[in-house]
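J.: Read off the chains here:
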Amino acid sequence: MTEAQHERAPGDRPSREMDASAPSEFLVYTIGLFVAVLLTATSFWTANTMLLWPGGVFLGLAVLAIAQMGIHLVFFLHISSGPESTNNVLALAFGALVVFVVIAGTMWIVADMNTNMTMPSSAPMSMGMQH
Amino acid sequence: MNIAVAIDQIPQEALPSASEAGPAPKRIVVAYGFWIFLLSDIIMFAALFASYAVLVRSTAGGPTGAQLFNQTTVAIETVCLLFSSYTCGLMSLAVNSRRYFRTYLGALITFALGAIFLGLEIREFLSMIAIGAAPQRSAFLSAFFTLVGCHGLHVTLGLVWLTVMMVQVAVFGFAARVQHRLLCFSLFWHALDIVWVGVLTVVYLMGVSS
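Going down the list, the sequences are from chains D and Y. Residue numbers for the first sequence follow this note's numbering, so the first one is 1 and each next one is one higher. Residue numbers for the second sequence follow this note's numbering, so the first one is 1 and each next one is one higher.
Bound conformation, chain D alone (with noise of 0.2 Å):
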């Protein structure tokens, strides 16, 4: 299967003849695993604690989950940056791109909906005024 080593499957390892150095398959998702427990546990410690400033919890979580992700994908789903997952690759980068564009679209759009509804109760009445 010569041509196979053109593109790989979403979710295949490279076989180990292709790439006798590489760590075994074992150890991919054991180091994958150890790692995602270790980010996990962060997580919840950074919910609870009351070490750091209120205001930056929530970006820790947010840095958290995304390292998360990004662990799950590459020791799990095994994408990488060779030549033979680029179609893979592609296809994730637009997915996350429109994930990108729903979320913070919306909320933007809405949080902006939102400061124009709750405006103090004169000032839409002067603006009728005007007119």
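Hints were generated in silico from the structure; no laboratory data involved. No false leads were slipped in.
Far from chain D by the CB rule (all over 12 Å, computed), these chain Y residues: (1) Gln-67; (2) Ala-115; (3) Ile-116; (4) Ile-122; (5) Arg-123; (6) Arg-137; (7) Phe-145; (8) Leu-157; (9) Trp-161; (10) Met-165.
Pulled a few chain Y residues facing chain D out of the computed Cβ check, cut under 8 Å: (11) Gly-89; (12) Leu-90; (13) Thr-201; (14) Ser-209.
Here the structure is a predicted model, which means the values were calculated and not measured. Glycine included, each C-beta is placed from N, C-alpha and C at the ideal position.
Starting from the known structure of chain D, fit chain Y onto it as the hints suggest.
T.: Just chain Y, lined up with the frame of chain D:
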């Protein structure tokens, strides 16, 4: 790996260009198609996350997340799903090396951990509804039950799928088509774990820390 080095190492005549090689092997086509489906599924979850983030403060005088969420339950759920993702990975290793016993064992542990997760989630939902925090109580609770319930529904479907796949392994053995489906299942299960990381952070941890 450096692309230029990788190309230099491959004898040129041994490897036709992608267009000359013809269609990709079926395993790659199947898994890539399923990958596209998973990304669209994650985009649907993004819409649910966005509506949750917008509605999280609209409690209509009802209970807030900080009053409702039990962190111990959530921690056990997270550990269950994370370890089931790990055992699912070990199961796919056993599938690739065509070992029946390890495949069944991995599937059994994955199923058990997924079932524990689901049981805890249903218990959490029922206890919330019992104290009057039902989906119709406030916009926040509607968004919460939609988002977390949709993830739970995916886990349920995953458990049904896993059962069907084990029957197929028992009947058909490690036929190529069964292996393709098992590859898709492991992608699905890992993607569910990624969505759960988002649910855990956005709903539970940010809910209790605010």
